Amino acid sequence: MTADTAPPRRVDERTFSALYRDHALGLTRLAYLMLADREAAQDVVQEAFLGLYRRWPSLRDKDKALTYARSAVLNRCRSLLRARRLPLRRTHEPPAWSAESEALLSEDRRQVLTALHRLPPRQREALVLRYFLDLTEEETAQAMGVTRGTAKSTVSRALTALSRHLEP
Amino acid sequence: MTPTESRLRDALASAAHGIDKVPDFAMPARSRFSRPLAAALVAAATVGALTYLTQDLDPRPAPGTQALTPARSGYNLTAYLCVPTSVEPGCHRRAATPADHEAITATLTDHPGVETFTYESQEAVYARFRALFKDTPGLLRGAKPGDVPDSYRIQARQDALPDVRAALATLPGIDTVVDEPARPGAWPGDVP
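Residue numbers (my numbering), protein chains in the order written: chain A, 14 to 181; chain B, 3 to 194.
In short, the hints are calculated from the structure, not lab data. You may find that some hints are simply not true.
Pulled a few chain A residues facing chain B out of the computed Cβ check, cut under 10 Å [stated by the list, open to error]: (1) F29; (2) Y33; (3) A37; (4) G39; (5) D74; (6) R135; (7) T149; (8) Q155; (9) M157; (10) R170.
Keep in mind it's a predicted model, so treat the numbers as computed, not measured. Every residue, glycine too, gets a C-beta built ideally from N, C-alpha and C.
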């Protein structure tokens, strides 16, 4: 059956399921890189898709659904990161990879990730979108909810800060 | 690509493998009611909705059966309202109140940058939700009336968009305001 002859609701249902199938893993990895917390990353993505699913009948442009999902994931990550900055926070919370991924991560990679986690969340976000998801400047801006110019300058400032942290 | 960029790309790709699979899409647990009661409610809702939907499922509704399709006009912003399942902290896990609605409509009416706006009720959007996921019981069961948010569809002057968005952002009862791409005539539920 082609898309032309399929009743509209079937097309819709497939699109939602397909979106989850194709992008849940990538978005969970995105959240994991932001949060360094596997369980929190999975929760964030489930919540984002649940929200998307409830808004599914309201979406005019299903092509934008992935953009919505990405923004929702990043919004939730930001809230969680803000909550972690509250006074109760431990002085230094080691990212997941410093503890458990000895075999997977070389010393060099661990250094980069630790430096990445010393950046402000918005800068980290910009770098993960650009260099992990390989988004264009325009897509990065949309996911972050900022203008293209702001996205570009955030990436550039983040790279400078990252290099500085990585200097011996 | 600078050395820092290459190192970053490599480290991100490698760390990402810390996640190698995701669970299936999970519906929220329904803990508010006991299971048999919840099942009975779903069954009752299904019977009611099926009767209702048989008239309205056609994507090109005949005159007089417009319930699933609000009056068409352009819009470039959607303001989703809070429902009890909203995770936005500002929603406090409760639905927008009548007072919230009044404040929102007053803001939209008074704002010089707003050209038109329409409200789509929870009933209307839930009916479309059921139509869309009709053939997928798993997805259909995941939301009950009141879970699917109602919204305001707003047509604002292009140069006033940021201002309108900012005016709405401070109002209680609004979950999120989303920019809509310029697609004249397209309406949710339409198939491209």
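Structure-based check of each hint:
1. F29: holds, 7 Å
2. Y33: Since chain B brings a Cβ to about 5 Å from Y33(A), closer than 10 Å, the hint holds.
3. A37: With Cβ-Cβ at 5 Å, under 10 Å, it holds.
4. G39: holds, 8 Å
5. D74: holds, 5 Å
6. R135: Hint on R135(A): violated, closest Cβ of chain B at ~16 Å, above 10 Å.
7. T149: Violated - the Cβ of T149(A) stays beyond 10 Å from chain B, reaching only about 15 Å at its closest.
8. Q155: holds, 9 Å
9. M157: Result: violated, 13 Å to nearest chain B Cβ.
10. R170: Since chain B brings no Cβ nearer than about 13 Å to R170(A), farther than 10 Å, the hint is violated.
Against the hints set out earlier in the document, violations occur for numbers 6, 7, 9, 10.
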